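> Chains as they are written, first to last, in the working numbering: chain D, 1 to 285; chain L, 286 to 558.
FYI, nobody ran anything at the bench for these hints, they're computed from the structure.
This one's a predicted model, so the numbers in the text were calculated from it and none came from an experiment.
A couple of the hints might just be wrong.
[To be verified] Not the full set, but computed from the structure, chain D residues with beta-carbon under 10 Å of chain L:
1) Ser12
2) Gly16
3) Phe135
4) Gly178
5) Glu181
6) Val212
7) Gly213
8) Tyr214
9) Cys219
10) Trp221
11) Tyr239
12) Val240
13) Ser241
Ideal Cβ placement from N, Cα and C applies to all residues, glycine included.
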Amino acid sequence: MSRHTIALAQISPALGDLERNLALHEKTAEEAIARAARLLVFPELSLTGYFLKDIVSSVALPLTSPFLGRLRDLSRRIDLIVGLVEETPERLFYNAAIYLSLGEIIHVHRKVYLPTYGIFDEQRYLAEGGRIRTFRSGIGRSAILICEDMWHPSAACVASLDGMDVLISPSSSPGRGGLEEGKTFANARAWETINRAYAQLFTCYVLYANRVGYEDGACFWGGSEVIAPSGDTVAKAEYVSEAILVADIDHAEVRRARMANPLLRDERIDVTLRELERIKREGAR
Amino acid sequence: MIDLSLNCDLLRRVLAGFIVNEVRKAGFSRVVVGLSGGVDSSLSAFLGAEALGAENVWALLMPYRTSSPESQEHAELVVKQLGIQSDVIEITPMVDAYFERFPEADQVRRGNKMARERMTILFDHSAKLKALVLGTSNKTELLLGYGTLYGDMASAINPLGDLYKTQVRQLARHMGVPEVIVQKKPSADLWAGQTDEEELGFTYEQVDQVLYLMVDRRYELSDLLEAGFDERFVRAVFGKVQASQYKRRLPLIAKVSSRTIDRDFRYPRDWGK
Chain D
1 MSRHTIALAQ ISPALGDLER NLALHEKTAE EAIARAARLL VFPELSLTGY
51 FLKDIVSSVA LPLTSPFLGR LRDLSRRIDL IVGLVEETPE RLFYNAAIYL
101 SLGEIIHVHR KVYLPTYGIF DEQRYLAEGG RIRTFRSGIG RSAILICEDM
151 WHPSAACVAS LDGMDVLISP SSSPGRGGLE EGKTFANARA WETINRAYAQ
201 LFTCYVLYAN RVGYEDGACF WGGSEVIAPS GDTVAKAEYV SEAILVADID
251 HAEVRRARMA NPLLRDERID VTLRELERIK REGAR
Chain L
286 MIDLSLNCDL LRRVLAGFIV NEVRKAGFSR VVVGLSGGVD SSLSAFLGAE
336 ALGAENVWAL LMPYRTSSPE SQEHAELVVK QLGIQSDVIE ITPMVDAYFE
386 RFPEADQVRR GNKMARERMT ILFDHSAKLK ALVLGTSNKT ELLLGYGTLY
436 GDMASAINPL GDLYKTQVRQ LARHMGVPEV IVQKKPSADL WAGQTDEEEL
486 GFTYEQVDQV LYLMVDRRYE LSDLLEAGFD ERFVRAVFGK VQASQYKRRL
536 PLIAKVSSRT IDRDFRYPRD WGK
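Sequences are here, hints too, so could you generate the full structure?
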């Protein structure tokens with residue numbers, strides 16, 4: 001079967017309230033199950049809310065936490081990607097997204113690029129992830145890049161070379177600037193460009209799950225979307241309102257895109273590596 | 286390059302959503318707003334009514350004896366058009382009683398006292414009506430410091446604080462605020478014939494452009510001059526923004542402990558909401 005029905009949860013998590021958010025996850029999952037979705041993607045930090053500041057340590061969970069038991073159980077009925085603050089045995093806190101399937105956590109992505117500028121302050125509170133890996137999920141070879149990770153093309157490029165057919169991006173993006181006549185937020189427009197560009201450049205599906213709601217006056221703009229390898233929009237949720245976006249993805253589309261545009265085949269890892277090593281050696285970075 | 290036009294449909298949803306969300310999170314369902322008859326407070330009332338329903342918006346009209354009768358007429362126009370509840374509370378007795386002891390007080394002291402008198406009434410009604418105080422300060426006046434600290438600048442939540450004055454007018458017009466209110470010259474209405482623009486020394490159209498480039502687009506002084514703005518004007522605007530920084534922050538706390546409020550004790554305001 002090369003077709004899969006997936007769902008993106010454009011929800012509004014409560015800031016720092018694990019119990020309430022867990023209930024919201026369960027309710028959303030029931031609807032996604034009823035709509036025959038194989039995978040449900042929640043936004044970045046969906047279990048905790050985003051602008052946590054000093055709350056980080058209070059809502060952090062080890063991946064062995066019994067609190068995740070209900071989500072593990074739920075994942076016997078539908079695959080889930082859930083955002084949380086992961087606490088490691090070394091007492092480091094990561095902005096993480098976990099992939100749950102058949103009662104197990106089969107993949108963890110720790111956000112690599114922690115925005116610390118403008119309204120963001122993640123490096124103050126969180127540790128940087130150091131891995132970009134694809135994994136075999138229920139909907140094909142996938143990679144998870146959390147929000148800011150998507151603004152670093154190198155991250156998507158690595159995932160692509162690692163075999164990515166589906167790029168999944170859980171996000172908590174607050175709308176900023178550019179609300180001029182006939183336009184949406186400036187950063188929302190940039191996101192929509194990135195999602196389409198990545199889909200086409202890496203000939204993959206892009207599943208972008210952005211949250212809605214408000215935290216301390218900042219408005220998360222939603223607009224979650226599924227983009228096909230052609231760059232076409234498969235499905236798009238509304239701006240600033242809650243939604244469960246359900247769409248079908250078809251791996252035959254990936255195949256067709258790669259036949260039409262064999263960009264992945266023609267990628268030159270040796271050239272890239274050689275030049276990156278030279279740049280590193282010369283100390284330019 | 287400078288585009289202060291607005292996607293009013295989306296902005297209106299964002300701001301109404303903001304009011305609903307922040308009011309409910311605080312455990313309230315109503316707002317109370319001081320309605321002056323000007324475009325800012327009119328727009329706040331319109332947004333409040335759109336967000337929470339007219340029955341959940343209370344408007345307080347708080348004239349002083351020197352306030353223009355036209356201001357009250359305009360405020361009543363808004364009350365009538367929206368069908369919100371309202372009350373008129375004269376502040377003359379309280380303000381005059383105070384200044385009997387200080388007859389030499391100048392316009393600034395008197396204006397500030399009036400603004401703070403209105404604030405105490407709004408926050409008393411916040412408790413009385415179980416309603417959050419809806420703010421009415423726009424981004425232009427917040428940046429210029431053209432407001433009274435703990436007076437008209439005080440509120441629980443402010444839907445207008447990131448909109449320049451010229452943008453407030455656009456959104457007000459879009460939402461159906463009466464044209465007579467949108468078009469009239471902005472005034473603090475402290476004495477007859479007072480207008481903001483005369484007092485500030487420039488028009489809102491002019492200053493909004495400079496502020497937008499300076500604040501939103503991070504233009505340096507040299508960039509602004511290169512863009513063709515007059516140096517004296519730009520320096521005057523920057524001076525006002527810098528001099529009023531204290532008004533936009535909580536009072537300074539002398540740090541002595543290991544964890545000081547708002548310095549290294551950092552929680553979101555929506556903590557636990």
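> Does each hint fit the structure? Answer for all of them.
The hints, checked one at a time:
1. Ser12: This interface hint holds because 8 Å falls under the 10 Å limit.
2. Gly16: Hint on Gly16 (chain D): holds, closest Cβ of chain L at ~6 Å, below 10 Å.
3. Phe135: violated, 33 Å
4. Gly178: holds, 9 Å
5. Glu181: With Cβ-Cβ at 4 Å, under 10 Å, it holds.
6. Val212: holds, 9 Å
7. Gly213: With Cβ-Cβ at 7 Å, under 10 Å, it holds.
8. Tyr214: Check passed: Cβ of Tyr214 (chain D) comes within 4 Å of chain L, closer than 10 Å.
9. Cys219: With Cβ-Cβ at 5 Å, under 10 Å, it holds.
10. Trp221: holds, 8 Å
11. Tyr239: Since the shortest Cβ distance to chain L is 7 Å, the answer is holds.
12. Val240: holds, 6 Å
13. Ser241: holds, 8 Å
Checked against the numbered hints listed earlier, the structure breaks hint 3 alone; every other hint is satisfied.
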